[in-house]
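Once you have looked at the hints, place chain B on chain A.
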Amino acid sequence: MAKMCVNPNRMELLKLKRRGDVAKRGHKLLKDKFDELLKEFIARISANRKLRAEVEAELKAAYGLFAVARAEAGRAAITQALLAGAPIELLDTSEKSVMSVHVPIFEQLELAEPGGYSFSTLPVVLDEALARLAAVAPRMLELAEREKAIELLAAEIERTRRRVNALEYVLIPSIHETVKDIQMKLDEAERGNLTRLMKVKDIIAAQEAAGER
Amino acid sequence: MRVAKIAVVGDSTSVAGFRPLGFAVFTVEHAEEAREMWGRLSAGEYGVVFVTEPVYEAMEDLIAEVLDRPVPAVTVIPGAGSAGGMGEAKIRRAIERALGTSMLIREEEE
Chain A
1 MAKMCVNPNR
11 MELLKLKRRG
21 DVAKRGHKLL
31 KDKFDELLKE
41 FIARISANRK
51 LRAEVEAELK
61 AAYGLFAVAR
71 AEAGRAAITQ
81 ALLAGAPIEL
91 LDTSEKSVMS
101 VHVPIFEQLE
111 LAEPGGYSFS
121 TLPVVLDEAL
131 ARLAAVAPRM
141 LELAEREKAI
151 ELLAAEIERT
161 RRRVNALEYV
171 LIPSIHETVK
181 DIQMKLDEAE
191 RGNLTRLMKV
201 KDIIAAQEAA
211 GER
Chain B
1 MRVAKIAVVG
11 DSTSVAGFRP
21 LGFAVFTVEH
31 AEEAREMWGR
41 LSAGEYGVVF
51 VTEPVYEAME
61 DLIAEVLDRP
71 VPAVTVIPGA
81 GSAGGMGEAK
91 IRRAIERALG
101 TSMLIREEEE
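Chain order of the listed sequences is A and B. Throughout the first sequence, residue numbering follows the numbering used here, covering 1 to 213 in sequence. Throughout the second sequence, residue numbering follows the numbering used here, covering 1 to 110 in sequence.
Please keep in mind that the hints were generated in silico from the structure rather than gathered at the bench. Ideal placement from N, C-alpha and C gives every residue a C-beta, glycine not left out. Mixed in with the good hints, there may be bad ones.
Computed footprint of chain B on chain A; a stretch qualifies when at least three of its residues, placed anywhere within it, have a C-beta under 8 angstroms from a C-beta of chain B [to be verified]:
1) 26-32
2) 101-115
3) 193-200
In silico negatives: residues of chain B with every beta carbon more than 12 angstroms from chain A [stated by the list, open to error]:
4) His-30
5) Glu-33
6) Gly-39
7) Asp-61
8) Val-66
9) Ala-98
The shape of chain A in the complex, shown without the other chains (with noise of 0.2 angstroms):
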């Protein structure tokens, strides 16, 4: 692991004590978050998977009776009829809060009443797929906000895993790594001052034993 480019002193080892307290707790918390996020994630799949299957085989029947309308009363005349109606807002937005992840939340506006086409020249069939359309609607917003949520989780929950391997596996060996060499050059200049004062200390004590002779 790469030491840190620190001056080997007691300032800085106190410092790196420090950061690396700081680093630890943050590990800590941060890997609490991951672990949430997860529990959440994996507990909203499963549903997910479930709703998705349904709107599928729902909207795959309204599709059908569609092609049924058009088998009816001829292609031309049902795109005709469905040219009708503009653009309205169905939708209010707004936010939550998971896990400090912004998800949005859909609810759906009143749809629009289909019409405007002719009642008696075209099929029955046709209202049918409508209202089929109309009724699979709410469960695809929910479905829209639901693999939303989701793929917001994910991308947290990517950026929280980077975070958490490297204060694991980059930040806190490193600090571990500098402070212990930290630690070292001072024991030796420890040692180094101790052999200088004893190597003194015994040269006076010859030098007095030569003026006393």
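Structure of chain B alone, referenced to chain A:
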């Protein structure tokens, strides 16, 4: 709280039925044409964008750009006569992104 519209993009056989209900329907002959509409779709006017599977396939890279934004939520719906499974795949990609593998969840379900 903010009101928004819902867009549906796909071939006319699949999505035409949404127009009378008040959805903003964008019909495309070829899935690639949807790429040109993407600027309008992602501008914020639409809260949810439903795309059929062929369209999603054609502009997956564009859709990936808004993955981390809360709005618009892009959701894959089956088109008339498409193979299916694309929406599943999109979620599987999210799982892979989160966990680094999609094995874990699959095992749990079985």
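Each hint tested on the structure:
1. 26-32: With 0 residues closer than 8 angstroms to chain B, the stretch 26-32 of chain A misses the three-residue bar; violated.
2. 101-115: holds (count 9)
3. 193-200: violated (count 0)
4. His-30: holds (18 angstroms)
5. Glu-33: Non-interface label on Glu-33(B) holds, nearest chain A Cβ at 18 angstroms vs cutoff 12 angstroms.
6. Gly-39: At roughly 17 angstroms from the nearest Cβ of chain A, Gly-39(B) sits farther out than 12 angstroms, so the non-interface label holds.
7. Asp-61: holds (15 angstroms)
8. Val-66: Since the minimum Cβ distance to chain A is about 10 angstroms, Val-66(B) lies within 12 angstroms and the statement is violated.
9. Ala-98: About 4 angstroms separates Ala-98(B) from the closest Cβ of chain A, which leaves it inside 12 angstroms; violated.
When the structure is compared with the earlier hints, violations turn up for hints 1, 3, 8, 9 and for no others.
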